[in-house]
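Line order of the protein sequences matches chains B and U.
Quick note: the first sequence uses this note's numbering, first residue 23, plus one each step.
Quick note: the second sequence uses this note's numbering, first residue 601, plus one each step.
Treat each hint with caution, since some may be false.
[Unchecked claim] Derived SDA-like pairs (lysine to any residue); straight-line CA-CA distance at most 25 Å:
(1) B:K356 to U:V818
(2) U:K701 to B:P229
(3) B:K349 to U:E618
(4) U:K701 to B:R231
(5) B:K40 to U:T1031
(6) U:K972 to U:L637
(7) B:K40 to U:K1019
(8) U:K1019 to B:L42
Derived by calculation from the structure, the hints in this document are not laboratory data.
Note that the structure is a prediction, hence the values are computed from the model and not measured.
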Amino acid sequence: MTDLTDADVRVDVNAIEKSLSELWRGQQDGEDAVTRAALWNVVAHTSTSEAHVQAAETLGRASAVVPQRTIVVRSNPAAEAELTSWISANCHLVGGGKQVCSEEINIVAGGDRIHRVPPVVSALLIPDMPVAFWWIGDLPNEHEEYVELLLEPADRLIVDSVYFDSPADLALVSRIAEQTSTSPADLNWVRLEEWRAATASIFDPPPMRTRLNAIRRVRVIAGSSDHEFFGESVESLLYASWLSAQVGHAVDANGKVEGAAGSIDYAFERRHQSTDVGGITLVEISFEDGACASITRDRDRGVLVANVDGSVTVQSVTRTLDQQMEKLIVRQLKRIDGDRVLRRVLPIAIKLAKRVA
Amino acid sequence: MSVVAPAIEANPLREGLEQERVPDASCLVIFGASGDLTQRKLIPALYSLAHDGLLPPGQTIIGYARPDYTDDAFRMAMRESCDKFARTRPVDEAVWDNFAKGLFYVRGEFSEPEGILRLNARMKEFDESRGTGGRRIYYLAVPPQFFPTVTELLGREKMVSDPEQGGPFTRAIIEKPFGHDLASAKELNRVAVTTFRERQVFRIDHYLGKETVQNLLVLRFANGIFEPFWNRQYIDHVQITVAESIGVEKRGPYFETSGISRDIIQNHMLQLVSLIGMEPPVAFEANAVRDEKVKVLRALREFPRGHETDVSVRGQYIDGSVLGEKAIAYRKEVKVDPNSNVETYAALKIFIDNWRWADVPFYLRAGKRLPKRVTDISIHFRPAPYPLFNKLTNVTMQPNVLAIRIQPDEGISLKFDSKVPGPTVRTSPVTMEFRYATSFGAEPPEAYERLLLETMLGDSTLFARRDEVETAWAWLDPLLNAWSADPIGPELYPSGTWGPEAADKLIERDGRKWRRP
Chain B
23 MTDLTDADVR
33 VDVNAIEKSL
43 SELWRGQQDG
53 EDAVTRAALW
63 NVVAHTSTSE
73 AHVQAAETLG
83 RASAVVPQRT
93 IVVRSNPAAE
103 AELTSWISAN
113 CHLVGGGKQV
123 CSEEINIVAG
133 GDRIHRVPPV
143 VSALLIPDMP
153 VAFWWIGDLP
163 NEHEEYVELL
173 LEPADRLIVD
183 SVYFDSPADL
193 ALVSRIAEQT
203 STSPADLNWV
213 RLEEWRAATA
223 SIFDPPPMRT
233 RLNAIRRVRV
243 IAGSSDHEFF
253 GESVESLLYA
263 SWLSAQVGHA
273 VDANGKVEGA
283 AGSIDYAFER
293 RHQSTDVGGI
303 TLVEISFEDG
313 ACASITRDRD
323 RGVLVANVDG
333 SVTVQSVTRT
343 LDQQMEKLIV
353 RQLKRIDGDR
363 VLRRVLPIAI
373 KLAKRVA
Chain U
601 MSVVAPAIEA
611 NPLREGLEQE
621 RVPDASCLVI
631 FGASGDLTQR
641 KLIPALYSLA
651 HDGLLPPGQT
661 IIGYARPDYT
671 DDAFRMAMRE
681 SCDKFARTRP
691 VDEAVWDNFA
701 KGLFYVRGEF
711 SEPEGILRLN
721 ARMKEFDESR
731 GTGGRRIYYL
741 AVPPQFFPTV
751 TELLGREKMV
761 SDPEQGGPFT
771 RAIIEKPFGH
781 DLASAKELNR
791 VAVTTFRERQ
801 VFRIDHYLGK
811 ETVQNLLVLR
821 FANGIFEPFW
831 NRQYIDHVQI
841 TVAESIGVEK
851 RGPYFETSGI
861 SRDIIQNHML
871 QLVSLIGMEP
881 PVAFEANAVR
891 DEKVKVLRAL
901 REFPRGHETD
911 VSVRGQYIDG
921 SVLGEKAIAY
931 RKEVKVDPNS
941 NVETYAALKI
951 FIDNWRWADV
961 PFYLRAGKRL
971 PKRVTDISIH
981 FRPAPYPLFN
991 KLTNVTMQPN
1001 VLAIRIQPDE
1011 GISLKFDSKV
1021 PGPTVRTSPV
1031 TMEFRYATSF
1041 GAEPPEAYER
1051 LLLETMLGDS
1061 TLFARRDEVE
1071 TAWAWLDPLL
1081 NAWSADPIGP
1091 ELYPSGTWGP
1101 EAADKLIERD
1111 GRKWRRP
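Bound conformation, chain B alone (with noise of 0.2 Å):
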């Protein structure tokens, strides 16, 4: 990643677009000419420098594989009243030793001006190109109009349910779903794709397609600290949900769950640790035969194991995907349609969440 310029502009569009312009034409006169990239518009909002900087740097990195416009907010109305704003682009060596370039735009404001950004960033968008939203941290019910105003034309809401506080944050991210044209994404949802794959494939012979209607128990072990922080459940309780909604069960408002072959019991239960916290350790599936699958996690190999007893002897490995935030940020971006699944997921979590509040 190169920075070209680091020249501070007034924060007036025209002339953040007219900077971009003489950026450009700048990377032109060189010999090597480089490629201009963008398959995305990548708004990050931020509260804190630190946040700041370490999500021009993620996006930085992402864009190596899907350039986008990047726009970095630091807002925070607690602070001094500022809006202030500069450019840059990052560049990164693709095939053939081109130089592909995406531009960043970052933005920072404080006090009352914080309510100028909305707009700002809204004509700052590249046209006719799709907008995600990655909201960094908790999401601020306390600042609903600003919220709001933000997402006017994002096309995906990008969260991290791991920093959710409690399960308002989940409701408010399925009301944006259901009543707004903005797709929600979670990179917690994200990490739990290999689990999702790993159980996908216990289910791929046939004769064990039928067993999805004999499933009795789930039991979710997963990383905690030492503090009881909501967020730690989460990557538990969207497994659960996920199960629940793609075999159809039915989950009423108390979280009791209920399948073809009756009530089904899920056990979530929390393994302290120092690493990977709140992430999936062990999940069992028992069935009302008594045979049990299973999928643990083997990080010395860097793959999730599958076993079930019983019939099926062949044992399924996924492989456990980088977890490193730009990867897990590229793997949303590449997705170009809404995840129909996680919509429907998002409910059954809430219903759930009472389980483990």
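Since the structure of chain B is already known, use the hints to place chain U on it.
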């Protein structure tokens, strides 16, 4: 609260996953497993599928060949292949360990019933132990002369299920060449359908597994803007170039019997012509797509009898240099006849005689030892109807060109004229570019990965159908016969050039030029 058990057919847990379609486990037998294709392409492709989580847990791969390997020795050899050739390198130990557990070897001759029976016995074991349930895929990576023997043995030993009877599937994958001419292609197909039904036969043309080739369909039929212009009203001509910088290397004996026309034009190039020329299919489904492709092949104008050279040029490379390296003449290559008249270059001017393409020439050229390796399709549009700016600029306006780069550096570009900034009206051609690597970053899967997966899933959209193969031969045979009867032979061209001069004249006669790809 009561829930009615839904009937579960597809695995609902796959919905929304990157691996949304995973095939049922089967025994995939590679006949000719000691060959180059298995080591360089097939096993690395299968490993990469496993790496990406696209193979079912019990997928079983059995190598069948003459050398005396054990299962472990075969696994070791295949591990080396994956280390060298797999797209997803370095090899992931955990994925490999699990993949290797499904890798087996059976020693046997292609014509030996005992070997085939040993194979059958092992597959039956795997049906129980690995859950392959009688499902079979036979990859016939064997020399053409062994094809009838192997298929007949499979049939005789009842190792092929009949899809009309239901039950577990059997599929056969056939590698090109699909015959040497129309008669041999028909014979090959006749043999195939004595054992398999046509829908069980998957004829691999690896070009169809390339992302960019598949993108031709997406470009044409997923975008509303191109199709209205995709016809004789707006298109002046089409050029397709398949250029290779290498010579025949170790393939001299094969090339002596095939030449570039049989090696490239009859299959890869005509696939590209049919994808460019086809009408929209009624569905993205195997027979709907292939029906439209074969219509294009049927509409190809016959070569003018006795005047074949008016529309065709053949060449052969001589000493020269490619990319700064000295290159020897074709006739000096290993196991090549020093007096050979086999063509290493061919250029054709062809027409699709139908409503859409009437009188629009398609210029095709394919050759070896050309300046670079590139496969490129360019659609040349007619110029603007009235030269509004010519008097002002004194410059002839450039026609628009839509260029589709199949390999390498895959992408699409559109050339159009733009005003040069300044007080006077001056125009200059500019290019709008889309590059896969720039926009999508990740390495696309290898063609064989896609094609093997499609076979396991039973989708033959990306495979050549019998009538496609036979129609292509029926069209090309007269030209090949005319060439072989021509005592003059191919025009020689120095290695590292864009082919014989006659190829330039072929297109320049029409007031056009080859595009520099």
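Quick rundown of the hints versus the structure:
1. B:K356 to U:V818: holds (18 Å)
2. U:K701 to B:P229: holds (22 Å)
3. B:K349 to U:E618: holds (15 Å)
4. U:K701 to B:R231: holds (24 Å)
5. B:K40 to U:T1031: holds (23 Å)
6. U:K972 to U:L637: Answer holds: K972 (chain U) to L637 (chain U) is near 24 Å, not above 25 Å.
7. B:K40 to U:K1019: Measuring from Cα to Cα gives roughly 21 Å; hence the hint holds.
8. U:K1019 to B:L42: holds (22 Å)
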